[in-house]
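Novice: Take a look at the letters that make up each chain.
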Amino acid sequence: MTPVSESLRAAAGTQRVPVFRARGVSKVYDMGEVKVHALKAVDLDLFQGELLVLLGASGSGKSTLLNILGGLDVPTSGTVVYRDHDLSAADERELTRYRREHVGFVFQFYNLIPSLTARENVELVTDIARAPMPATQALDLVGLADRMDHFPAQLSGGEQQRVAIARAVAKRPDVLLCDEPTGALDLETGKRVLAVLEQVNREVGTTIAIITHNAAIGALGDRVIRMSSGVIVEHVRNERRASLDEIQW
Amino acid sequence: MRALNRKLLRDAWKHRGQMLSIAAVVSVGIMTVLTMRGAYESLSSSQAQYYRDTRFPDVWVRLERAPESLRGRIAAIPGVSAVNTRVTLVATLDVPSVDVPALGYFVSVTDDRGATLSDLHLSAGRFVSPRRRDEVVVSDKFAIANAFVPGDTLRAVINGRQRDLQIVGTAISPEYTYAVPPGAIYPDDQRFGIVWMHRDALGPAYDMAGAFNEVVLTLSPRADTARVVAQLDRLLEPYGGLGAYTRMDQPSHFILAGELNQVRSMGTMIPAVFLTVAAFLLNIVLGRMIATQRTEVAVLKAFGYSDLEVGRHYLQFALVAVLLGALIGIAMGSWLGQSMVGLYGEFFTFPTLRYEFSWILAVLAVGVSALAAAAGALGAVRRAVALPPAEAMRPEPPTSFRPGVFERLGLGRLLPVAGRLILRNVERTPCAASPRPSASAFRSRSWSSGCSCSTACNT
Ligand SMILES: Nc1ncnc2c1ncn2[C@@H]1O[C@H](COP(=O)(O)OP(=O)(O)O)[C@@H](O)[C@H]1O
Ligand SMILES: [Mg+2]
Chain E
1 MTPVSESLRA AAGTQRVPVF RARGVSKVYD MGEVKVHALK AVDLDLFQGE
51 LLVLLGASGS GKSTLLNILG GLDVPTSGTV VYRDHDLSAA DERELTRYRR
101 EHVGFVFQFY NLIPSLTARE NVELVTDIAR APMPATQALD LVGLADRMDH
151 FPAQLSGGEQ QRVAIARAVA KRPDVLLCDE PTGALDLETG KRVLAVLEQV
201 NREVGTTIAI ITHNAAIGAL GDRVIRMSSG VIVEHVRNER RASLDEIQW
Chain R
1001 MRALNRKLLR DAWKHRGQML SIAAVVSVGI MTVLTMRGAY ESLSSSQAQY
1051 YRDTRFPDVW VRLERAPESL RGRIAAIPGV SAVNTRVTLV ATLDVPSVDV
1101 PALGYFVSVT DDRGATLSDL HLSAGRFVSP RRRDEVVVSD KFAIANAFVP
1151 GDTLRAVING RQRDLQIVGT AISPEYTYAV PPGAIYPDDQ RFGIVWMHRD
1201 ALGPAYDMAG AFNEVVLTLS PRADTARVVA QLDRLLEPYG GLGAYTRMDQ
1251 PSHFILAGEL NQVRSMGTMI PAVFLTVAAF LLNIVLGRMI ATQRTEVAVL
1301 KAFGYSDLEV GRHYLQFALV AVLLGALIGI AMGSWLGQSM VGLYGEFFTF
1351 PTLRYEFSWI LAVLAVGVSA LAAAAGALGA VRRAVALPPA EAMRPEPPTS
1401 FRPGVFERLG LGRLLPVAGR LILRNVERTP CAASPRPSAS AFRSRSWSSG
1451 CSCSTACNT
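Chains E and R supply the protein sequences, listed in that same order.
When you line the first sequence up against the numbering used here, it's residues 1 to 249, in that order.
When you line the second sequence up against the numbering used here, it's residues 1001 to 1459, in that order.
Calculated from the structure, these hints are not laboratory results.
It is possible that part of the hints are untrue.
Said to hold, decoys possible - Simulated restraints on C-beta separations:
(1) R:R1383 - E:D91: 17 to 27 Å
(2) E:D91 - R:M1266: 49 to 59 Å
(3) E:Q137 - R:A1375: 40 to 50 Å
(4) R:A1386 - E:R202: 15 to 25 Å
(5) E:V28 - R:F1280: 38 to 48 Å
The beta-carbon is built from N, C-alpha and C at its ideal position, and this holds for glycine as well.
Required output: the full structure, derived from the provided sequences and hints.
Specialist: Shown next, in the form of structure tokens:
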């Protein structure tokens, strides 16, 4: 506990206002005979424009935390505040609006709509966004300008994930939540995808949280959080973000 | 076009086989509405028009013989609007084309056609002239069946005397829209015809000069039919009255009304059956589609599509099927409706009988189909709407299995692993597992994952 609260205080000391403020967030999945405590009183702040890396073993609660930050799920107890939205008190309609206006998601299995082309998958999101960038621009950003009219089945895994990133950033979200974006990709392709995320963070200034199994990726972030059994067990602030080439894979 | 609509069209195209099947079922429903109900509306409006134009009577009564002077007393019965007296008789006709003599039902007509109830509608030739005693107009179908044309001679035996009659015209009458010989059920146009002859000629020939043996009358709108009938019967009793009857017992009207009723109820029942089937199919097909698209549903929601938008998206599949069905159904229905009305025209004789395509009916049929389809789709769509968006993050949901009754009794060990899997599936969803092929098709997905899981655990 001590290192966590210390670094929290350290983060607060920078005088920056957090985009997210999670306090005492718990999540219990009631499976009837058993109760799964996926999160146990987690405190976390996420700051404007930062790149946060979430590490931890499978089942440690990373996805649950990210889902709650993204308004896909609500905590059993505790509060999550996004700017002036209290997500823990929001109803389904408010959460839908929050997701529509502020959040971009990248999933491990890309989850593109198979019957839509790369461009249309992006448009699916820009269609309902307030001030999106053109789908073509988003695809250009991830280096797929020439594959716009391909269907997901015609793209490699890495390309599909880049389309997914284009889809997530095209709406110019305030925060980009990526759940194991490289989990299904080989090393080289994964690096390519991370490069795109890093570039979006740098160029567009989007706040990004990335879940990964790969501890080496932590060096890319401004901060690294390690979770275990539903609690944050380690909290590291990187003095300097490493570039992709510097990382020892 | 919005990307979601593109997805709708592409997915509909991908499932075109199923969509087409549903559309086909819907189209049969809509087609039957337009055919049957359309035929019904066309027929009944033709009937109403025809009855109005020709002043179709409300009450009929036959009697032995009564003097024409009685007519005034009949007209004086409260509720009676117009009265016609006439002379009718059955006579044998010599028809060259058949060996046995044909039957002719002779009905007297007068010159005052404007006051005639059941006025004739001439299809060829002219009306009988009062000065010529041997002129007749014969029923259209009889003329056609025997190839009679105006100018031909018809030999008849009236009251024991043979007479050669001149056919001057052919006509139809609302009383013989469906013409059956006395005592028969089916028309026999070759051997049964209606022969209209001037009252001045037919009366004397049948010893009915200044007398009549049949009365037809119309009633005023608010007349008490039963009372009129009773008073008429009382009045005519001394004259051998055979009992007055109303339209419901008038043979032609009775048959026509019965047929119309049947067409109408079939035009409701058959579509209802087909629409129920369509709703059921939609429930299955959409349920399946949504089950395979659960991550797509979750993605839509994760990116901020509301439950309403997601629900509407899947409901639109039902509408696509209905729209497709409507196009086919309307085209087929208006075509078949024409054929059906044409077919009725062969049995029932109307002056004008045309299938009239009704937009109101079409819109109604499509509207009801859309409602039925939406109702069928609703269950499946509700499942999509209820799907929590967090599911998108989770690759495959492990269905919750637990030892069932069979296994808790310790009998599970008697079964091989595959047997236990089957058992758990059956126990978990007792209704869905066996009778529905579609459901078990789904289950096979969880089977294969279940199998690989257990093998993974064993190794
Ligand atoms: N929808 C759910 N229903 C039940 N248990 C769940 C659900 N989602 C997650 N869990 C459980 O909560 C714990 C944390 O899961 P998760 O957040 O997905 O972990 P991670 O992403 O770190 O692998 C796990 O034990 C998991 O089984
Ligand atoms: Mg996870």
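Novice: Do the beta carbons of D91 (chain E) and M1266 (chain R) sit within 49 to 59 Å of each other?
Specialist: Cβ of D91 (chain E) to Cβ of M1266 (chain R): about 50 Å, so the range 49 to 59 Å holds.
Novice: So the hint says 38 to 48 Å: do the beta-carbon atoms of V28 (chain E) and F1280 (chain R) match that?
Specialist: Since V28 (chain E) and F1280 (chain R) have Cβ atoms about 40 Å apart, the given range 38 to 48 Å holds.
Novice: Could you check the hint for me, namely that A1386 (chain R) and R202 (chain E) are 15 to 25 Å apart, CB to CB?
Specialist: With a Cβ separation near 40 Å, A1386 (chain R) and R202 (chain E) fall outside 15 to 25 Å, so the hint is violated.
Novice: Can you let me know if the beta-carbon spacing of R1383 (chain R) and D91 (chain E) is within 17 to 27 Å?
Specialist: Taking Cβ atoms as reference, R1383 (chain R) and D91 (chain E) lie about 21 Å apart, which means the hint holds.
Novice: Starting from the hint 40 to 50 Å, judge whether the C-beta atoms of Q137 (chain E) and A1375 (chain R) obey it.
Specialist: holds, 44 Å
In summary, the one numbered hint that this structure violates is 4.
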